[in-house]
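Mapped onto our numbering, the consecutive letters of the sequence shown carry residue numbers 1 to 373.
Don't read these hints as lab results, they were simulated from the structure.
Some hints could be false.
Keeping only pairs whose Cα atoms sit at most 30 Å apart, straight-line, the calculated DSBU-like set for lysine-lysine is [as the list claims (entries may be wrong)]:
| id | residue 1 | residue 2 |
| --- | --- | --- |
| 1 | Lys-365 | Lys-255 |
| 2 | Lys-191 | Lys-226 |
| 3 | Lys-214 | Lys-20 |
| 4 | Lys-6 | Lys-56 |
| 5 | Lys-135 | Lys-255 |
| 6 | Lys-42 | Lys-306 |
| 7 | Lys-191 | Lys-217 |
| 8 | Lys-223 | Lys-135 |
| 9 | Lys-135 | Lys-69 |
| 10 | Lys-135 | Lys-196 |
| 11 | Lys-196 | Lys-217 |
Have a look at the derived ranges for each label pair, beta carbon to beta carbon [unchecked claim]:
| id | residue 1 | residue 2 | range |
| --- | --- | --- | --- |
| 12 | Ala-201 | Val-134 | 42 to 50 Å |
| 13 | Lys-306 | Gln-137 | 52 to 60 Å |
| 14 | Asn-246 | Thr-51 | 49 to 57 Å |
| 15 | Lys-91 | Thr-51 | 32 to 40 Å |
| 16 | Glu-195 | Lys-91 | 19 to 27 Å |
| 17 | His-80 | Asn-232 | 36 to 44 Å |
| 18 | Phe-120 | His-10 | 39 to 47 Å |
| 19 | Lys-365 | Glu-24 | 52 to 60 Å |
Glycine included, C-beta positions come from ideal geometry on N, C-alpha and C.
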Amino acid sequence: MPIRYKIAPHVVEIIESLQKAGYETYLVGGAVRDLLLGLEPKDYDLSTSATPEQIKHLFGRRKVMIIGKRFRLAHYYHGHEIIEISTFRRKPDKLVPVVTPGKKLVFHDNSFGNSYEDAFRRDFTINAIFYDPVKNQIIDHCGQGMSDLECGVVRMIGDPAERFTEDPVRILRALKLVGQYGFRISLETEKALIEKMPLIATCPHSRLSLELEKLLKKTSCDKTLKILYEYNFLSYFLPRVHFNWNKPECQEMLKLLELRNARVDNGIYRNSLSLVVAVMAFPFVYSSMDRTDGAQLWDYHPRIEKDIRHIILNLFHPHSFPKQLVFSSVSAIMLQTSLLRDSSHKRTARHPRYQHALELQEILKLTGKIKLP
C-alpha cells in the first residue's frame, strides 16, 4: 500500500491545492521518515516553492497565519491542528552570526531557493527525503537518505563540523534520533558531534528549554536520556541529572519514566508534560524527606510546596518551564497523601490536578520500591 493512504486526507488536499496553483510542494521531514518506517506521524510539515504571502493569499487569512523572524513560515490551521508550510530555502553564501543579549549565538538563514537546495540545507539525510502524495513519488535529492534510513544511520548533510557550528542544537537532535529509533551515528558525524558538543552552551536557554519539552513529551524520553548520558551531552544539557545519574534517585526516575511512557503508548494515559516532570522529580522529593519528625513532605504547607518547586527547578536547571506546568507537577506530588486518606476519592476528585496525581500514584505503586505513607 502506498504511504499516500497513511497520510491525513486534509494534508493531501493542501498539497494538491498548492500544486494546482502552480507551486511545487512536498511532504517533508520527520513525517516522511516516520511513514517510511511504518509509524504514524505526530504532525505534518510541508515545503513548497510558494512564498508565505502566496500561501496566505491562496488559502485566505482565516486559514493561514505567517509567523517567524529568523524563518518566515506559514501555519495552516485545520481545526486545532497546525500544518507548518515552509518555502524552499537555500544555504546563504555566508551565514551572519549575531550575538544576542547574554552572548548567545544565532545565525540568520532566510534565503529562498528550490527543492534541491532546500534538501541540502536540512540537517540529516534521513530528514531530507521529500514525498509527493499526488504522484506517489519519493524524492531523495541527497542520494543517501533512503539507504541511511534502511540501515538506521544518522548522517549529517555536508561538513558535520561546520553544520554543528552553524546550529549546535543539531547535536541534540542527532542524539534524539538515536534514542527514539535506536539508530547509530555515522563515524564522521559522531566525531564532529563530540568535538563541537561544548557549543551547546552558546544556544539561547529559551530555545533549549523548548527542545527539552519536546524531548520529554516523547515516549522514548527514558531511552534518549540514557543516550545523552552515554555521550556526555547530559553534563551540558541537564547537569543536575548528569551529576546524580548513578544515584538511586536517578535510577528510580528512569524506571518511573519507563512505566509512564509504556502507559502512554498503550493509550492508558494521555501525554502530559506536567506528569513527566512530576515523575522525574518524585524520587528526589521523596529522598529529601525528613521522616524523623513524622511529617509528610507532601502534606499541604506553603514551605513544603516551595521546597518541592525548588527541587523541580534545580533538577531541570538551567531550563525553565511555564509556571502553570510547574504548579501542576507540584500539586500532583503533594496530593499523594490525600489520595490515600480519601479512599473513595470523593473530595480529592474535585481537585483540578486529581487526574495527574492519580496517574502518578498508579506508577509509584507499580514500582513497589517507593512506599507512600
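Tell me, which hint numbers fail for this structure? 3, 5, 6, 8, 9, 10, 15 and 18
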